[in-house]
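There are 2 protein chains.
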Amino acid sequence: MARSQVVSAASDDPLASWHEGATKRSIVDFVTRVTKAGGPDYVAPAERIATFDNDGTLWAEQPFYFQLAFALDRLKALAPQHPEWHGQETFKSALAGDLPALFARGESALAEIVAATHFGITTDEFEAIVRTWLATARHPKTNRPFTEMVFQPMLELLAYLRTNGFKTFIVSAGGIEFMRTFAETTYSIPPEQVIGSTGKLAFEMRDGTPVLVKLLDIEFVNDSAGKPVAIQKHIGRRPIASFGNSDGDLEMLQWTMAGTGARLAMLIQHTDMTREWAYDRTSPFGRLDQALDEAHAKGWTVVDMKNDWRRVFPFE
Amino acid sequence: MARSQVVSAASDDPLASWHEGATKRSIVDFVTRVTKAGGPDYVAPAERIATFDNDGTLWAEQPFYFQLAFALDRLKALAPQHPEWHGQETFKSALAGDLPALFARGESALAEIVAATHFGITTDEFEAIVRTWLATARHPKTNRPFTEMVFQPMLELLAYLRTNGFKTFIVSAGGIEFMRTFAETTYSIPPEQVIGSTGKLAFEMRDGTPVLVKLLDIEFVNDSAGKPVAIQKHIGRRPIASFGNSDGDLEMLQWTMAGTGARLAMLIQHTDMTREWAYDRTSPFGRLDQALDEAHAKGWTVVDMKNDWRRVFPFE
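Line by line, the protein sequences are chains A and B.
In terms of the working numbering, the first sequence opens at residue 1 and continues consecutively.
In terms of the working numbering, the second sequence opens at residue 1 and continues consecutively.
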């Protein structure tokens with residue numbers, strides 16, 4: 001009887017994939033404080049805004065960003081219509097599958113690949129293409145659909161916050177329209193709560209029907225100092241909790257913590273080379289260096305994936 | 001007994017300020033159809049997106065846009081710090097209160113005034129300035145606070161839609177941060193559901209504290225073809241109902257109506273020179289010309305303010 005009660009209590013834990021310890025306690029303590037009516041740290045539900053980075057925070061980002069995998073697949077599909085690509089080193093490396101050569105060309109080369117594969121079609125067409133890709137593409141290491149490469153403890157955290165009256169937003173450098181195709185199904189985050197990098201759009205009439213066409217121009221890169229700017233633009237309130245994993249999240253966490261009242265800033269450190277990946281200060285994708293120093297200096301919560309997470313992926 | 005039942009029924013009407021007739025019926029019929037579970041026009045709650053213009057749709061916009069009234073007041077307050085303004089015709093007319101001369105200089109002159117009075121301060125400072133202004137400024141004709149110059153039937157419509165599972169958004173050419181200062185109190189629309197024109201923002205550290213500074217550059221004008229673009233960017237779903245009053249709302253209504261399933265497009269025509277104002281095809285503010293033709297041609301709902309609204313303002 002006592003035993004079955006313990007089992008039942010454990011399975012009722014909304015954060016069952018988090019080991020007991022300081023990290024889990026920092027989450028539960030924060031949520032308890034801000035939701036305690038009449039307490040000194042109480043926050044009205046409308047102000048309970050929580051923002052999450054996506055790559056490396058809600059889903060994996062190795063061996064390279066998943067949206068880049070999409071762009072590379074699409075580049076191959078589009079190559080026959082673009083003979084000029086074969087004369088350009090960036091495109092040549094990408095089409096040959098020579099990823100080390102491509103990555104050596106730096107972030108701007110990757111941005112070029114993404115831009116070239118994301119424009120000239122309508123928003124409806126783009127959404128259909130991404131949906132088809134997500135349904136068929138597989139992660140190079142696990143051979144799983146990319147939408148299964150999400151972190152079970154973070155899914156629980158999202159649900160736990162929402163149960164406690166939080167509104168959860170994605171604030172990521174990923175493309176806004178790319179992420180929206182799966183955020184609702186995968187994270188229960190509706191499109192209007194997904195904030196990402198954007199390209200320019202043009203409103204056009206085609207045979208009397210309005211369409212929105214994706215243009216080549218990058219409009220906004222939602223990373224680093226761009227994140228607080230985008231939060232202001234899209235949400236118009238300062239989050240009381242923010243979750244990231246890389247230097248690109250530092251300003252979002254600073255902006256969050258600079259508000260008054262109870263606050264939670266959390267960084268996920270990828271420390272698990274067996275179940276996921278281990279990387280931080282020197283990784284080309286999701287580098288965590290300056291933000292880690294600031295987290296330690298300011299006492300922000302740092303998740304040690306290996307020791308804080310009982311389970312990493314839902315499929316384990 | 002019968003009489004008291006009639007009274008009671010009337011006061012229970014969520015759209016009590018709308019006269020019975022075709023206009024009111026078009027609203028109720030639409031909402032009934034999209035919320036009828038199992039019906040042919042049923043729309044899941046997550047897809048029940050309704051977008052509203054603000055100036056001339058939710059509140060009045062005569063004798064000129066209220067945000068311009070704010071900008072003119074602020075211009076006077078800032079003038080001592082800007083001796084150079086006295087050499088510029090636009091600023092000179094504005095500071096002298098010569099509104100006909102100012103308006104004769106066209107929309108770009110007004111944009112110049114707005115830009116000059118909205119930049120160089122942090123978002124927090126700007127919010128505080130607008131709040132103070134709204135608490136003290138008065139409408140030139142009615143001598144009421146501007147936030148009382150809202151349309152009672154539209155307040156009822158917003159509430160009616162939300163009661164029926166809709167998410168209501170403002171999509172207006174007004175400044176996003178200007179509107180957010182009053183949208184939650186006045187319309188029960190939270191900041192994250194207010195979409196407007198934006199200026200560029202810069203993230204800066206001041207004595208170790210992050211701030212967002214409003215820059216002079218206009219980033220996005222949320223009018224005409226900009227509205228569907230902003231809807232895509234901020235919401236990521238196509239609205240099923242849209243409400244406007246001027247040519248600047250035409251593309252938003254076209255975008256809304258081009259989706260599949262039940263749809264509602266509504267234009268408010270200002271026909272009441274006694275209780276409000278009467279203007280349409282030639283008004284410098286809120287011109288309704290091309291959109292009115294298209295509404296008639298396509299059978300969109302056109303509100304005749306004089307005959308469709310039992311009450312215009314809450315204070316009547």
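Be aware that a few hints might be false.
Because identical chains cannot be distinguished in the list, a pair is counted as satisfied if it fits within a single copy or across any two copies.
[As the list claims (entries may be wrong)] DSSO-like, lysine-lysine: derived pairs with alpha carbons at most 30 angstroms apart:
# : residue 1 : residue 2
1 : LYS76     : LYS306
2 : LYS76     : LYS141
3 : LYS200    : LYS76
4 : LYS200    : LYS24
5 : LYS141    : LYS92
6 : LYS36     : LYS76
Rather than coming from a laboratory, the hints here were simulated on the basis of the structure.
Hints versus structure:
no. : hint           : verdict
1   : LYS76 - LYS306 : neither (37 angstroms within a copy, 61 angstroms between copies)
2   : LYS76 - LYS141 : within (20 angstroms within a copy, 64 angstroms between copies)
3   : LYS200 - LYS76 : within (24 angstroms within a copy, 37 angstroms between copies)
4   : LYS200 - LYS24 : neither (41 angstroms within a copy, 38 angstroms between copies)
5   : LYS141 - LYS92 : within (24 angstroms within a copy, 67 angstroms between copies)
6   : LYS36 - LYS76  : neither (54 angstroms within a copy, 46 angstroms between copies)
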